[in-house]
Every structure is written in structure tokens, then in C-alpha cells.
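Enquirer: Each chain, letter by letter, is given below.
2 protein chains.
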Amino acid sequence: MHSVGRRQFMRHAVSSLGVASAFAMPWTIAAGTAVGSWDETVDPETADLIFRSKAPRNAEPKLGKLAESWVTPTTQFYIRSHGANPQIIPDQFRVSVAGLVEKPLELSVQQLIERFPAAACTCTVSCAGLRRYEFSKVKPVGGVQWEEGPIGNAVWSGVRLSDVLKSAGVKASARHVWFDGADEVRDGGHSFPFGGSVPLSKVMEDNADMPGVLLATHMNGQPLKADHGFPLRAIVPGYIGARSVKWLRRIVVSEAQSPNHFVADAYKIVRTGTPQEWDEAAPIYRYPVNAALCSSVTQEGRILLKGYALPSGDKNCSINRVEISTDSGNFWVEAALGDETGDYCWRLWSAAVTIADAAADVCIRATDSLGNTMPETVTWNPKGYLYNAWHRVPAKKLLN
Amino acid sequence: MHSVGRRQFMRHAVSSLGVASAFAMPWTIAAGTAVGSWDETVDPETADLIFRSKAPRNAEPKLGKLAESWVTPTTQFYIRSHGANPQIIPDQFRVSVAGLVEKPLELSVQQLIERFPAAACTCTVSCAGLRRYEFSKVKPVGGVQWEEGPIGNAVWSGVRLSDVLKSAGVKASARHVWFDGADEVRDGGHSFPFGGSVPLSKVMEDNADMPGVLLATHMNGQPLKADHGFPLRAIVPGYIGARSVKWLRRIVVSEAQSPNHFVADAYKIVRTGTPQEWDEAAPIYRYPVNAALCSSVTQEGRILLKGYALPSGDKNCSINRVEISTDSGNFWVEAALGDETGDYCWRLWSAAVTIADAAADVCIRATDSLGNTMPETVTWNPKGYLYNAWHRVPAKKLLN
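If you read the protein sequences in the order shown, they are chains E and X.
The numbering used here puts the first residue of the first sequence at -5, with every later residue one more than the last.
The numbering used here puts the first residue of the second sequence at -5, with every later residue one more than the last.
Excised from the complex, chain E in its bound form (with noise of 0.2 Å):
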């Protein structure tokens, strides 16, 4: 394995972030320093967001704030965790590869910079969780009750996992890849990592622009904040948010998915939850198509909307068509769509209409350029996954 050294790896900052305060690498400052808080202290530049909680930290933007920029800025970014920030001491952080591999690896953040090419992608995290107060709504369900805001498109960089698998030696047996961050999850009497898991045909499905998994060290060319996994996460283009596993301390390369709770056991649509259920059934990988409003202005006597339409999580697939009706659903117009787009991201959109019954819903729906369309009504399911019904707003909101 050859070190590409200090050169290449400037190179690799530069290229990859584009910016030059990407330098300012935390995982340099000095030995034994701890990064990261098991407190409920926020982070000041998080302060905008809506704290669902605290501990652990659950947060979303104001849906207001969401439409205004196809990159989510980082202080606008939802935050996701299952357990506490772990104390991460940044000189002694390693990520291991085990399992299914000639040679593990066990590596520092900054010899996966230099012994990797460098690799970035945009692309949109979406919590499985979104709009699930509106599964609420129906029957009440647990967990974070999340709006339509914990989804957000970043500038993501790093290295591809795949260079570094190949790296370390798959063995023809491999199916699956597990993801195990450095946190802490406290359930039923345990302590475990959260956990991801995805298979290694996504992990190799890498073409010039996307890499299947990146491991991500930067968001929006800054360094990945506390809340966002630093040192170190996965990224998985077109999965649920749950599988790009934050502060990523362990990689395993297996013949099966991940025993973690996080993938055995939550993060799958069950219709009533026997543990029979449970175990028969497939984690969640792939988001389904998806859509907001976010915003409304009146002007000129008409009322401009703003929304975020999200494509499946499959691949080659773009938003097509994003519809609003405003008389609850029968008829519809198309909205204009943002000309920023690309693989695994949503596309803002905008419409200007006029409402004439303030007593009906105006209704959103997207398509993708794979024919998936969001239906007019989701199953329920116990914990809440996948909400994707159109969007609803009474028009009297609107009018206001």
C-alpha cells in the first residue's frame, strides 16, 4: 500500500472541498483532547433548528428555512442520534475493517485520507422517520415525532469505501457490509453502537460522480461537526439516513446484514409487529419518492409556493413532475422545477396559485423519473417509516 503523503493529500482538501479553511483539521489538534459532549449542551450554530430532543440530540430546521437552498446549509441540517455524542479523542480515533477480508485494516482518519483518492458527492440524507407525525395522526406512533424536516442535501467528501475494501481483500463469500458508529445506545437494559448495514453490491456500485458508500470526512467543506459523526460517517447515496452511520469506528464485511438492533430489528415496515414479523422482514434501505411545501408568499394577489420534491432512492432516478392541487386533490398543475439536480438529491420546486376554496387542502405530489409517484394514502405501520401520502395543507394556513 503506498502513502500519498502531505502532497496529495492537500491535493485531495483542496479537490475535494474546494475551500480553503478545509486545513483547519480538528483531528490535528493535540493528543487526548475530547471532542463531542454527553451533555444536553447545543451547539450555538445549531440553535435555529426545532429540538424534538435532547438527549439524545433530535433536531429539524424550520420548514420555512428548508426551500431555500438545494445545498441544506450545516447549521440547517437535521440531527439525527440514538444515544449521546461519543467523546471522540481525535489523535486516538481508528476505524477497523474486519470479517470477509485478506487483510484488516486499522486506520486513522488521516491515513485513510492519504492512502485513498479523494471522492465527494451532493446528495440528499433523509431521516426514515420524516412526516411521521402524520402516521401519528392516524394512530399514535413512537419515536421522534418528525415533521417534514429532518432531510437536508449536502456536499459531502472523504473516500470511497469501495478503494478501501479493495484495499483490505473481499472474499467471494461477502454479501453485506456492516456499519458501527462509536456512540452508545442504552435499550432494554444494554449498551450497544448504532448500527447500519447495507450490501456490498451497493458499497461497488461506484461510477465517477457517485460513489456507492462514501466515508465521509467533511459536509459542505468544513469538517463533519460533533452532531454530524466527526471524525468520520458513512454516506449512502438513495438509503434512509440510518445507514450512513455516524461516528464510523467499525466496518465488517459479511456473508449476512448486520445483527445490530438498528437493522435486525427496527428500520423495517411491519404491519403488526409480532416478533415473527420482525425477523421475517427486510431492513429499509431505499427512500421512497417524497415531497413538501415549505413555504408561502402571498404576491400579486397569487401565493407562491416552495417545496423540496425527493426522487426514490434508486438508481439514475430524478424528480419528474412535482403537482399541486389546490381544491384537495382533484385537479393539479405542475410546479417549475429548480434547475439544480442530481443523482441520489432532491430538486426544489416553486408554483404561484390562487386559492379558491380556503376550505380545501392544496395537495403536493412528485414523480420520479422511474414512474414513482407519491400515493394519495400510505398503510400505516407501527413505528412509523416511510410517510410519503401528497402533502396536505389546509388552505386556510395559507392564506393567513
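No lab work stands behind these hints: they were computed from the structure.
Only a predicted model underlies this, so the values are computations on that prediction, with no experimental measurement involved.
Each hint should be verified, as a subset may be incorrect.
The list cannot tell twin chains apart, which means a pair is met if one copy fits it or any two copies do.
[Said to hold, decoys possible] Taking lysine to aspartate or glutamate and the DMTMM-like style, the derived pairs with C-alpha atoms no more than 25 Å apart in a straight line are:
| # | residue 1 | residue 2 |
| --- | --- | --- |
| 1 | Lys160 | Glu271 |
| 2 | Lys165 | Glu249 |
| 3 | Lys165 | Asp259 |
| 4 | Lys48 | Glu370 |
| 5 | Lys131 | Glu62 |
| 6 | Lys309 | Asp337 |
| 7 | Lys133 | Asp85 |
| 8 | Lys165 | Asp181 |
Keeping the supplied structure of chain E fixed, place chain X upon it in accordance with the hints.
Expert: Then chain X, alone, in the frame of chain E:
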């Protein structure tokens, strides 16, 4: 572990089989005698079946005979194999129990029967490819072109897998149980046993009359025939037949589902069939509600129809209603349901109808006690599994 000895063994055989002939146990034949065959010679008792292939052996009964009795005679029971019948030397045959257990076991069939309480159940086994040829009419799919025959209801007896696992001592982290057969499947230059996997929660879902999983030595009161898995097979009530592994030689308790090809790669519903989709999808476990018209006889100006209806493979679920339409699905009448019924069992039905329009289709649809109803159409899938749309037969076929 106590050995119950010859006396309890005989009581077992009597109570569970109820027939004297059960004592002719093939595994008491002389040492070294091979049972089963690698050639294409068909057991003369199965000569009445329609063979879709002879190597491996895949056969289904003539449909007209299938609804004649609630318990399907063994000679009329479909045969599904992925490799040649293995060469079994009865006195050398052992089944192993390994993986996440305190005490691994290796037992002869005789030991299984002596050590564990006798158990029996009547349940329907149904191939995931039942009615596959109807998918092929839409767009050809590979695999055996099964019609309505690869389904049957039998009395199975042996011992409960739960008792065996309790004796081995299941570790706390166990979640799934793997089954490997003694057969040898050749695929892509590799050779491996046919394998299955069931959640541990399903195995442990025992009640007095219905084991979660049965380790069956007998079918309809006779030792298993070679084609049905002699000397030992799994029977998993409610699950597709592929999980009821024949010639059962290896049981592994694990955190994860079996990596066997027939769990990890085949027997899944996918949309297009990319490697990523296969790896993401759950294995098929339970079969869906289904039904078929099996025979028709003209009687005093009316046509007497008979068939079977299968409830979905859920716990406490039975057939509630079978409806017949003689006008392609506009007007429906209820069929009479057979008296014989049971958990995880099909139900026979009959209806006397008149047909006004020879150009119409006669349609059959069943509804189970959990409210599952056969849909009018089913989305095509690349491997042609779980076809359960209304069974349609051109009326003119019944008017001859």
C-alpha cells in the same frame, strides 16, 4: 438427556401415526444400504404425476384429482427438487445441530424419535412458484412452469424442532435457524446443498396442536418417501415449501438468516433483479391467500365446480369465503366450504353454477379470516413467485 427407549418409541409411532405399518422403518434396514437415486428413474407410485422435469425431479398432480380429498395422498403430492435425490445410507444418517447453542448435537433419526416427544400436524405445503405459468403468459420467467398443482395438504409427524433446540440450549443472541439438505445442487460451477432459513420466533411458536417447525420423519402415516425427503425433513407450517427443507442434515442456529443461495439469492420478490435489489430484499417466508378451480362436472344442467383455497400463512388464519364469478368478475356468488379445516391448511370448496356467457371467464377468489383477498392482478416479478390473482378459466373449457 434421557433416553426413552423402545417402549416410548413405539408409543410415539402409534400415537402420531395411528397405523401399524409405521413400524416398517426404512432406517432399520441393513447397514450400508443406499436409499434414493441419482438417476431419472421415477418411483412407480408417482407415475400418475405430471413431470415437469426428471433431473431434478419436479412433478405436480393432474389438477382434476387435487380437490378430491382434504388430505392429499402421497402419490398425488407434488415433488419439488433442486438437485438429484441424495444417496442416503439410513444407519449412517445423522442430523447436526450447531451454531449458537450451548451443546451441539448430532443425532440419528432413531435418537431424535427416542429423545423427544412425538408431535404431528396437518398442514399444507405450497410451492412459491405455484401458478408461475400465469406470470409467463405476461412475460416469460425461468424456472419450473408450475400450474395449479404444486400444493398439497398432508399429515406430518416427527418431533418439534423447538424441543430439539431447547435440549441443545439456544444462546441469547440467536435469531434465525438454518436448514441444509443432504442434496447437492449444481449452479454456476458450484455445488452446495439446498438450504432454508426460518426466524427462531417462528420455531418457538408452538402450541399443543401445531409445532412452529416440525422435524418430520413421516408423511401421511408412512416414513417419508425419497422424493419427499427421507429420512428427515423440516415442515414449516404457513411458509412456502422451500423452507421445509428435505433430507435435512444440518441445523444451524444463528444471529442472521442463512447465506444459502436459496435464502440469500432466490425465493425473493424483486422488481427488476439487480444484485443490489436481491441483497436488499427479504426472503419470502409466508405464502399468500390463494385458490384454484380443480375440476368441473356437468350435473342436471348445472356445472359442479370443485377446488381448493389456501389462507395466507399467518397464525390463526383460515379460509372465510370463496367466491365464484361466471361473468369475468362482475357478479360473484359464494361457494360451499368443506368441513375440514385447520390452521395452515387449505380448505376445499364446491359450487354449482350455470354459465350464461361462454365467452366469459369463470373466476375464483378466496378471502381469509384476516381479511386477505386474492387480487384481480398481481405485479409480475422476475422469478415468478407468489402468483395469487383471481383464478380465471375460460367458461368454454367448462362447457364441453
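Enquirer: If the cutoff is 25 Å on CA atoms, where do Lys165 and Asp259 land: within, between, both or neither? Let me know, please.
Expert: between (27 Å within a copy, 18 Å between copies)
Enquirer: What label fits Lys48 with Glu370 when the C-alpha limit is 25 Å: within, between, both, or neither?
Expert: Neither. Shortest intra-copy (34 Å) and inter-copy (49 Å) distances fail the 25 Å Cα cut-off.
Enquirer: For Lys133 vs Asp85, is the C-alpha pair at or below 25 Å within one copy, between two copies, both, or neither?
Expert: neither (48 Å within a copy, 58 Å between copies)
Enquirer: At 25 Å max between alpha carbons, let me know whether Lys131 reaches Glu62 within a copy, between copies, both or neither.
Expert: Answer is neither; intra-copy 28 Å and inter-copy 50 Å both fail.
Enquirer: 25 Å Cα cut-off: does Lys160 pair with Glu271 within a copy, between copies, both or neither?
Expert: between (36 Å within a copy, 22 Å between copies)
Enquirer: Treating 25 Å as the Cα threshold, decide for Lys165 and Glu249: within, between, both or neither.
Expert: Both: 10 Å inside a chain and 21 Å across chains, each within 25 Å.
Enquirer: Measure nothing new, just compare the shortest in-copy and cross-copy C-alpha distances for Lys309 and Asp337 to 25 Å and report within, between, both or neither.
Expert: within (7 Å within a copy, 43 Å between copies)
Enquirer: Tell me, please, which holds for Lys165 and Asp181 at an alpha-carbon limit of 25 Å: within, between, both or neither?
Expert: Answer is between: at 19 Å across copies they meet the 25 Å cutoff, but 34 Å inside does not.
In terms of the numbered hints stated before, the structure departs from hints 4, 5, 7, listed from lowest to highest.
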